[in-house]
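Undergrad: The listed protein sequences derive, respectively, from chains G and H.
Numbering of the first sequence is given in numbering that gives the first Met the number 0, commencing with residue 0 and proceeding in unit increments.
Numbering of the second sequence is given in numbering that gives the first Met the number 0, commencing with residue 0 and proceeding in unit increments.
No false leads were mixed into what you were given.
Each computed EDC-like pair below joins lysine to aspartate or glutamate, with the alpha-carbon atoms no more than 16 Å apart: (1) H:Lys53 with H:Glu126; (2) G:Lys53 with G:Asp90; (3) H:Lys53 with G:Asp41; (4) G:Lys53 with H:Asp41; (5) G:Lys8 with G:Asp146; (6) H:Lys53 with H:Glu130.
Footprint (simulated), chain G over chain H, 3 or more residues, beta carbon under 8 Å: (7) 35-43; (8) 143-155.
Hints listed in this document are in silico derivations from the structure and should not be mistaken for laboratory results.
A virtual CB, placed ideally from N, CA and C, is assigned to each residue, including glycine.
There are 2 protein chains.
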Amino acid sequence: MRTPVDLPKAYRLINHGPTVLVSARHGGRSNVMAAAWVMALDFDPPKVALVLDKATYTRELLLASGHFAISVPCAAQARLVTALGTHSGRDADKLSDFQVPLLDEPTAASPLVGGCVAWLDCERVPEPEVEQRHDLFVGRVTGAWADARVFDGGHWHFERAPAGLRTLHHVAGGHYLAIGEAID
Amino acid sequence: MRTPVDLPKAYRLINHGPTVLVSARHGGRSNVMAAAWVMALDFDPPKVALVLDKATYTRELLLASGHFAISVPCAAQARLVTALGTHSGRDADKLSDFQVPLLDEPTAASPLVGGCVAWLDCERVPEPEVEQRHDLFVGRVTGAWADARVFDGGHWHFERAPAGLRTLHHVAGGHYLAIGEAID
Chain G
0 MRTPVDLPKA YRLINHGPTV LVSARHGGRS NVMAAAWVMA LDFDPPKVAL
50 VLDKATYTRE LLLASGHFAI SVPCAAQARL VTALGTHSGR DADKLSDFQV
100 PLLDEPTAAS PLVGGCVAWL DCERVPEPEV EQRHDLFVGR VTGAWADARV
150 FDGGHWHFER APAGLRTLHH VAGGHYLAIG EAID
Chain H
0 MRTPVDLPKA YRLINHGPTV LVSARHGGRS NVMAAAWVMA LDFDPPKVAL
50 VLDKATYTRE LLLASGHFAI SVPCAAQARL VTALGTHSGR DADKLSDFQV
100 PLLDEPTAAS PLVGGCVAWL DCERVPEPEV EQRHDLFVGR VTGAWADARV
150 FDGGHWHFER APAGLRTLHH VAGGHYLAIG EAID
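Please construct the entire structure, taking both the sequences and the accompanying hints into account.
TA: Put into structure tokens, the structure is as follows:
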């Protein structure tokens, strides 16, 4: 169900503002965290910007490896997203504790999270000063995929899939809104 | 209907990823543009990050004044948002042409757009290098308001209001998704 998305259209996977999972891998360790503060930054080559607190283990892995991935989770994963957003990979092996299924996409530099509806594999664009000052990171998208049941032909089609496949939009404290109906 | 929002909770007005309108005023000229690439950057003091292309007139006004405002439009304004995202204030007086109602909030440094459901008044935090390199701007939120029909007690309550008051989430080319149902 994971089909490639043309890179110049990769921004459309997060343009509607979903909360995402950020993953990174280095030296045999992987970690995944939840992040609502992420946005597209450029079309072609596609870039993204995201906020990663200094306390996060994922940030450490990202800085060590120079790579990270964004997975776009869906409503059926709300409980998992909250768990991944409230526990640190520093204190526990979150992936094992929460049974996070990682997809080993051969062309991706970082692990992708299974059960999600879209994925962006990214390479860090070093911006050491704003990383330090604002916890703000820039990445260039090097690979993009989506679940063809909900994203096809460059557009989301949530209306034809089960409600559990809709993207999640975090407000605060584990309270989410699912994405709704199309307006043209 | 415009009621103040505590600044440490201001991030919740955009945490779920709505497409927004960015406005700025300088030397008697005001302008408003649509922007999907915006996110929260910090809780307290609240900050935001957003992308403003070099070609935009709003960017010029923002740089000249040091201030900007974010208005969060709703489904009833989809046509207006598309118009404000596809025409430049350089070529025409968009505010007059599209009859954009500006609210003169006395405590805000920039004009707010009427008919929206939330507003953030912001002061530019100068980051000249990333502004130039990535078109990325940082702002500190100095005032926040929401329409109490849909945002109250620090949370969105779209379920109790007309569908036209739901936030808009742009995918591409004037195609939007409205925000949907709550998931706890």
